[in-house]
Structure formats: C-alpha cells, structure tokens
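Participant: Letter by letter, the chains look like this.
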Amino acid sequence: MAKTDFDIKYVANLARIALTPDEEARLGSQLDDILGYVKKLEELDVTGVEPMAHAVPLANVLRDDEVRPSIPQEAALANAPKQANGLFIVPKIVE
Amino acid sequence: MLHELTLSGLTAKLAAKEVSSRDAMQSCLDRIDAVDGQVNAFMSLDRDDALVQADAADAALAKGNTHAAQPLLGVPISLKDLFCAKGQPANCSSKILGDFRSPYDGTVVRKLRDAGAVLFGRLNMDEFAMGSSTENSAFGRSNNPWDLERVPGGSSGGCAAAVAAQECFASIGTDTGGSIRQPAALCGCVGLKPTYGRVSRFGVVAFASSLDQVGPLTKDVRDSATLLGAMSGHDPHDSTSVPADVPDYVAELGGDLKGTKLGLPREFLIDGIDPEVRAAFDAAVKQCESLGAEIHEVSMPHTEYGVATYYIVATAEASANLARFDGIRYGDRVDGDDPFSLYCNTRGHGFGEEVKRRIILGTYVLSSGYYDAYYLRAQKARTLIKRDFEQAFETVDALITPTVPAPAFKAGEKMDDPLQMYLSDIFTISCNLAGTCGISLPCGFTSKPKLPIGLQFLGKPFGESELMQIAHAYEQATPWHTERAAF
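Quick mapping for you: the protein sequence lines, in order, are chains A and B.
Offset between the first sequence (1-based) and this note's numbering: plus 50.
Offset between the second sequence (1-based) and this note's numbering: plus 1.
The hints are simulated quantities; they were obtained by calculation from the structure and are not laboratory data.
Errors might be hidden in some of the hints.
[Stated by the list, open to error] Mimicking DMTMM-like on lysine to aspartate or glutamate, the simulated pairs with C-alpha atoms at most 20 angstroms apart in a straight line are:
#1 K387/B / D95/A
#2 K461/B / E253/B
#3 K381/B / E100/A
#4 K90/A / D272/B
#5 K90/A / D418/B
#6 K90/A / E305/B
#7 K90/A / E268/B
#8 K381/B / D95/A
#9 K142/A / D333/B
#10 K59/A / D83/A
#11 K132/A / D339/B
#12 K411/B / D148/B
#13 K415/B / E73/A
#14 K142/A / D336/B
#15 K415/B / D83/A
[As the list claims (entries may be wrong)] Covered stretches of chain B, going by a simulated chain A footprint (3 or more residues, C-beta under 8 angstroms):
#16 345–356
#17 383–390
[To be verified] Here are some of the chain B residues that sit facing chain A, going by a computed Cβ distance under 10 angstroms:
#18 T310
#19 L377
#20 T437
Please read all numbers here as calculations on a predicted model, not as lab measurements.
The C-beta atom is built at its ideal place from N, Cα and C for all residues, glycine as well.
Can you make the complete structure from the sequences, with help from the hints?
Facilitator: So this is what it looks like as structure tokens:
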C-alpha cells in the first residue's frame with residue numbers, strides 16, 4: 051500500500067481533538083491503512099464526471115421571511131455547562 | 002403474551018378493546034425487566050412518562066378515536082438514542098452529551114405522536130451512529146438475542162436487538178451506510194431505509210447529512226409500511242425533505258411477484274460471502290422466481306468503490322456536523338485556559354475512539370491540498386455509483402442482494418481492525434450514496450449456531466411502495482419472519 055504523508059498531530063489539531071500519545075500512535079497507523087485503502091479511488095477515470103454532493107437535486111429551498119416562535123431563552127440555556135445572566139459562559143477570549 | 006404480537010396484531014386487539022395501551026406498555030416494561038439485563042438494548046427508560054402516554058392513548062380510544070385516523074394509536078415504540086423528544090435524553094450513546102435533554106420534539110417524533118404512538122426508551126447505538134456492532138457505544142455494547150456472545154450489528158443495534166427480543170413492538174432508527182438494514186439482518190427483523198428526502202431529518206442528530214435517513218425496524222413488512230406512512234412527508238424544517246405525495250403503503254401491499262423484474266448485481270456476488278449466507282440467498286432468489294419474478298443479471302461496475310467513497314464522503318460531513326459538540330452550549334465541558342484548549346480537551350475527553358478516528362479522517366480529506374484528491378474525487382465516484390443504479394433500474398424493478406456477507410460476528414472480533422469492520426457494510430452502502438431505498442428481511446438461518454440471515458431488496462427512488470410489495474410477497478411465502486429468538 052502506498053504510504054501517505056498523513057500527520058496525525060496536525061490534523062487532530064485542526065479538528066480540535068486532544069489525543070494522548072497512545073491514541074496518536076494507534077489512530078495514526080489505523081488512518082494510514084484506511085487512507086491506503088481509499089486510494090483505490092485513484093483507479094477510477096473521473097474525467098468529465100460531475101461531482102455529486104446530494105442524492106436529490108433540490109436547489110435554493112426558500113421560505114417566506116417571517117417572524118415565527120422559537121424555543122424560549124431558558125430552554126435554550128438549560129443544557130449549558132456554564133451560564134449566567136441569560137448568557138453562555140466561556141473562557142476569556144480577549145486579553 | 003402481549004409483547005409477542007406484531008404492531009398490526011396489537012392495533013387489531015386495541016381496536017377491538019380486547020387489550021389496553023397500558024396493558025401493552027406494561028407488557029413491554031415487564032419484558033424489558035425480564036430480558037434486557039442480557040440484551041442491553043435500552044440506554045434509558047422513563048417508565049412513568051411511558052405509562053402516562055399509554056393512559057392518554059386509552060382515553061383517546063375510549064373517546065372513539067380510530068386507527069384509521071391514527072394508525073399507531075396506543076402502540077409502544079422505542080427510539081434510537083439520537084432522536085430529539087422534548088424533555089428526554091438524546092445521548093447518541095456518547096459521553097460528550099452529558100445529561101442533555103432535548104428542548105423540543107423533532108419532526109419524526111411529532112409525527113409519531115400525532116399518529117398516536119407511545120414513545121418510550123432510548124436504544125443503544127454505536128456512538129453518533131458510527132459503527133456496525135454497537136461496540137462503539139460509550140455505555141457498553143448490546144447483545145444479539147440469537148446469541149448473546151455476538152453483536153446485534155449497528156449502528157441501530159439496540160433497535161434491532163429490542164425488536165428481536167420483543168421488548169417493543171417496533172423501533173425507529175437511522176441508516177447512513179446500512180445502520181438499519183445491517184442490524185435488522187443480523188437480528189432477524191425487518192429494516193427499511195427510505196429514499197433520501199422521504200422522511201424529515203429535523204430533530205435527528207446528524208452524522209452525514211447527505212446520507213442519513215430515518216426508518217423503522219419491525220417484526221414484519223406490514224409494520225414497516227405502517228410506520229413509514231406515519232413518518233413520511235415534506236417538512237419545512239428540513240430543506241432536503243422532498244415535497245412528494247405519501248402513498249398509502251399498507252393499502253398497496255398484497256400483490257404478487259408475477260412479472261416483477263428483479264436484478265441480480267453480479268458484482269455483489271463476490272468471493273468471501275459466507276457459504277450459508279450464499280445458500281440462503283440463492284434459495285431466496287429461487288423462491289422469488291417460483292413466485293413469478295423474472296431474475297435478470299445486471300452489472301453495477303462501481304460497487305467495489307462504494308466503501309472507499311463512503312468513508313470519504315461520510316467522514317467529511319461528520320467532521321463538519323460534529324463541530325457543534327464543543328462544550329459551549331450543551332453537553333459535558335472539560336475546561337481549558339482558553340477557548341482553543343477547552344474545545345480540544347472537551348472533544349478529546351468526550352468522543353470515543355471511532356468518532357475521533359472519523360472526525361480526523363474527515364478533517365484530513367477536506368483540508369487544503371487534499372480536498373481535490375480525496376473529497377472531490379469521492380464525490381465524482383458517487384456520481385458513477387448513482388449511475389450504476391439508474392442504469393440497472395432502466396431494465397429491472399428492484400435489485401435483490403444479500404444484506405450482509407456474513408451472519409452476526411462475535412464481540413471483539415473486528416474491534417482492532419476498523420477497515421474490516423467497514424467492509425461489513427459493503428452491500429448496504431451504495432444505496433445511501435445513490436440516495437435510493439432499501440429493505441432487509443429474514444431469509445433463513447445458519448445451522449450452528451442458529452443465526453438470522455438477511456435478504457436485501459433495493460428499490461427506485463421514492464419506490465418504497467413497490468419495494469415493500471416485493472418484500473411482502475416474499476415474506477408471506479416464507480416462514481422466516483415468524484421465528485423468534487428463544488430466551
């Protein structure tokens with residue numbers, strides 16, 4: 051199988067997932083195998099083939115822009131890990 | 002015993018006032034108490050809420066409401082752990098959602114309630130629907146009622162196990178690459194994956210948005226027809242749901258197979274199919290022929306690219322969909338000094354290994370420099386796979402295939418080799434990529450141990466009615482759907 055230049059640390063960081071060194075080693079080698087397998091698609095001649103994002107070609111589904119009821123603020127906040135004053139609490143972003 | 006009835010068997014008794022919805026609900030709860038310690042299908046169960054709903058259904062029946070208007074009136078139905086039902090958990094068998102409670106009813110839940118169903122219980126699944134065995138559940142796997150050492154399939158494995166163990170009259174799952182049909186096959190029940198766009202996805206936690214579809218797992222084809230009718234239809238909350246009329250699926254059952262053209266895709270009949278599965282499949286093809294069907298060999302030349310295409314498209318979409326689990330608005334949070342480390346810690350701690358593997362793969366195939374080589378190429382391969390279906394359906398009414406190449410495997414057998422696990426979806430995956438409909442139903446058993454074998458029919462887009470007519474005709478001519486796992 052062709053080796054890929056897959057860098058597990060870099061991609062896990064892009065995906066915002068902290069991995070233990072053990073996970074890095076295991077997932078890295080498994081993903082290398084999987085990427086080796088999906089390289090099978092290189093055998094296909096896709097010249098002139100349109101890419102397909104969706105099975106059903108529905109485009110620009112619009113509705114009237116009107117005010118409609120939504121869930122109340124308390125319900126929207128009910129599952130928050132931290133909240134106060136009707137707001138989600140997050141770590142400081144700006145120094 | 003009440004829990005042994007099919008859904009249609011129960012509604013007949015409810016309509017005749019021979020039993021109450023409370024009796025039916027209580028019989029499920031008693032059955033769960035008796036067997037779920039071994040099966041482990043239910044993740045959570047709100048008994049009081051279930052009985053309150055059953056009492057409300059009994060009141061409606063007493064008032065004169067009918068099953069003609071509400072086809073599921075009083076019927077206990079359980080849900081995969083990813084449907085939003087107001088006030089109830091939707092954990093997706095993941096740790097990351099913590100003690101999440103849905104703030105609203107999704108469309109499928111609302112439609113089932115409107116049809117009179119008593120919705121109870123959250124069924125085990127592979128975490129975020131990623132897997133083929135329920136072994137990726139953060140809360141332990143479910144066990145196959147036919148052999149508790151074996152997996153029930155996945156990702157809707159809890160759904161299939163609960164129906165096979167007769168802990169509910171039917172369950173509702175989702176199918177992204179075979180997640181309804183594969184567990185249905187391994188547990189010996191009927192599993193239907195509708196055409197993409199047939200059923201709304203609003204209020205269903207998303208895995209791969211262009212592939213996910215909601216469908217029923219039931220004891221027979223008629224019950225699937227009843228449930229599909231209740232769940233289908235256009236929904237303004239899901240822009241990908243299709244504004245097409247919903248036929249009366251139950252009324253249209255009952256035809257025979259005379260003149261039906263069934264396609265046998267030669268690329269599906271590969272080496273490596275378990276010999277007993279192959280023998281049962283060949284017998285099913287012969288049975289269909291003896292019922293009047295014409296069998297035509299067809300070619301689906303891009304079948305062998307299905308799994309590779311799927312694992313690029315599905316993981317790419319998952320990496321975007323699962324970005325929402327960030328520890329800010331819901332679910333468990335693992336703190337960090339800044340938002341970046343909070344995200345990394347929360348997701349590193351909260352997601353299980355398969356989910357991490359797929360998010361990372363999906364992130365990679367979408368990342369700068371690799372998008373064209375992986376994602377764009379996979380989208381083009383998807384077009385070729387869809388064309389295979391379009392060409393086959395020019396000459397045949399439906400395809401007939403095995404659902405899975407082998408019967409239920411032993412727990413732990415494939416956990417160290419994700420690629421082998423992925424390949425167990427080889428016959429179910431292309432249907433999702435093409436966006437068409439498919440159904441799995443029992444077509445026999447292996448001898449030692451006795452394990453169910455699944456037969457799959459794949460139909461034309463929005464051809465569920467014809468698909469179920471074909472499946473029903475086969476089912477009614479065979480004894481397999483009447484067999485139950487012994488406890």
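Participant: For every hint, state whether the structure bears it out.
Facilitator: A quick look at each hint next to the structure:
1. Straight-line distance between C-alpha atoms of K387/B and D95/A comes to about 15 angstroms, which keeps the hinted pair within the 20 angstroms bound.
2. Proposed proximity of K461/B and E253/B is supported: the alpha carbons are some 16 angstroms apart, at most 20 angstroms.
3. For the suggested pair K381/B and E100/A, the alpha carbons sit about 6 angstroms apart, so the restraint of at most 20 angstroms is met.
4. This hinted pair checks out: K90/A and D272/B have alpha carbons roughly 19 angstroms apart, not beyond 20 angstroms.
5. With a C-alpha separation of about 18 angstroms, the suggested pairing of K90/A with D418/B holds against the 20 angstroms cut-off.
6. Between K90/A and E305/B the CA atoms are separated by roughly 9 angstroms; this keeps the pair inside 20 angstroms, and the hint holds.
7. Our distance criterion of 20 angstroms between C-alpha atoms is met by K90/A and E268/B, whose separation comes to about 16 angstroms.
8. At roughly 10 angstroms between alpha-carbon atoms, K381/B and D95/A fall within 20 angstroms of each other, so this suggested pair holds.
9. Of the supplied pair hints, the one linking K142/A and D333/B holds, its CA atoms being roughly 19 angstroms apart against a limit of 20 angstroms.
10. Between K59/A and D83/A the alpha-carbon distance is near 17 angstroms, which keeps this suggested pair within the 20 angstroms criterion.
11. The straight-line distance between the Cα atoms of K132/A and D339/B is roughly 15 angstroms, inside the 20 angstroms bound, and the hint therefore holds.
12. With a C-alpha separation of about 9 angstroms, the suggested pairing of K411/B with D148/B holds against the 20 angstroms cut-off.
13. A distance of roughly 18 angstroms separates the Cα atoms of K415/B and E73/A; the hinted pair therefore holds under the 20 angstroms criterion.
14. For the proposed pair K142/A and D336/B, the alpha carbon gap of about 12 angstroms is at most 20 angstroms, so the pair holds.
15. Restraint check: the Cα-Cα separation between K415/B and D83/A comes to about 15 angstroms, which is no more than 20 angstroms; the hinted pair holds.
16. With a cut-off of 8 angstroms between beta carbons, the stretch 345–356 of chain B has 7 residues touching chain A; three or more are needed, and the interface restraint holds.
17. A stretch counts as covered by a chain when three or more of its residues have a beta carbon under 8 angstroms from one of that chain; for the stretch 383–390 of chain B and chain A the count is 4, and the coverage holds.
18. Because the smallest distance between the Cβ of T310/B and any Cβ of chain A comes to about 7 angstroms, under 10 angstroms, the interface hint for this residue holds.
19. Hint status for L377/B: holds, given a least beta-carbon distance of 6 angstroms to chain A, under 10 angstroms.
20. For T437/B, the interface hint holds, the least distance from its beta-carbon to any beta-carbon of chain A being 8 angstroms, beneath 10 angstroms.
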